[in-house]
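Student: Dock chains B and C against chain A, hints included.
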Amino acid sequence: MTVSTAFAAMLVSFGVAVELACCLGVFLMEDAYDKLHYLGPAAIVGPVLIAAGIITVEGLGQAGIKSLLTAALLAVASPVLSHATARALYIRRRDHIEDRTMT
Amino acid sequence: MEQRDSEPRGRISLFTFWLVWWAALLTVWFLLVGVFTLAELAVGTLAAAIAATVAAVVHRSGYIRFSPRLVWLRETPTVVWGVITDCGLLAGALWRRVVRREHVRGVMVRVAFAYGGDNGRDGARRALVNFAVSLTPNSYVVDIDPESDSLLVHRLVPGPLDPVLTREVARASLEEEDL
Amino acid sequence: MNAWLIAAIVLLTGLVPCGALLLRGSIVSALVGLQMAGILQTVVLLLLAEGFHRPPFFDLALVLALLSLAGGLVFARMLERWV
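Protein chains in written order, with this note's numbering: chain A, 1 to 103; chain B, 1 to 179; chain C, 1 to 83.
Incorrect hints may appear among the rest.
Estimated spans, in silico, between C-beta atoms of each pair [stated by the list, open to error]: (1) B:160 <-> A:95: 14 to 22 Å; (2) C:56 <-> A:31: 36 to 44 Å; (3) B:84 <-> A:91: 29 to 37 Å; (4) C:74 <-> B:54: 19 to 27 Å.
The set of hints was computed from the structure by calculation and includes no laboratory data. Cβ coordinates follow ideal geometry from the N, Cα and C atoms, glycine included.
Okay, chain A solo, but in the shape it has when bound (with noise of 0.2 Å):
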């Protein structure tokens, strides 16, 4: 195993941990506005990571320069999604829309 290889390992290795830490925030936290908190690092952290991985190994190539973009893009959608959610919500909570569960 080269120096780049375990390198690119452990960018990937933290960033799946980073993703599946998001998901237990998302899971065990109680209300709404808690649980958006953790979408931040899931959308931002993990994907930066696991792109930088990918370009370690595959350098500027397409394949680099793809994850890099679905990064990005996942980055600037993160704080609209997060916005855009808690407005509903606050919104359904102002109104006393019922909140239903799915079941």
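Tutor: Below, chains B and C without anything else, positioned relative to chain A:
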């Protein structure tokens, strides 16, 4: 009294706007395609021209008023540092929830925020403040209230406000004093 | 089987809590679970693309990221008043 800089001093021409969009989209095309051939250049030029035209038509119609200032980019390192530190705060909150089985509840904070007018400069400021605050994982903007000139922010771990928010609160206080 | 595919399989286990939230949570919590699942699946596609050494699969991840944004916004807007 400080004159509020609400509109850009010089409007860029529609052609310049179209050209910038066309160049940016053609760059994205080649990043996605990965090969630089004559056929790809022809198709990319046409596709970018169509999309740039749509962007120019939307811009001309006035539906989207977005005129940011380049100097606002100086906040980027602060925001990036905020993302990193906030990940630590969220990790701590998760630790308290999972290991110590504590009830972790966030707080809703209403801060003063100068809403401004219905123009490109103020619209860009509202959008970018919202983006910067919501990008840092410990906080996100829930609502912007034009009537009370305030921002409703949810924070998972209570603490000092983000530097971007602190600056906006100071700006709102300054404008209130001017009035 | 290589390390990239193993990472993708490990990451797929994250869909279990997202699915539980979708099935058992409140409607807005379900939307949060859906958005989390979308992010996970995008990252899984990146890992699979690298694991199978198929460059076109990277386009799938890019398109899914874009569509997840659009879909999430539509759901959030609908949940404000109409559902």
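Student: Please go over all the hints and tell whether each is borne out by the structure.
Tutor: Okay, the hints, checked on the actual structure:
1. B:160 <-> A:95: 14 to 22 Å: violated, 32 Å
2. C:56 <-> A:31: 36 to 44 Å: Holds - the Cβ-Cβ distance for residue 56 of chain C and residue 31 of chain A, about 41 Å, lies within 36 to 44 Å.
3. B:84 <-> A:91: 29 to 37 Å: holds, 32 Å
4. C:74 <-> B:54: 19 to 27 Å: holds, 20 Å
Going down the numbered hints, you'll see the structure goes against just number 1.
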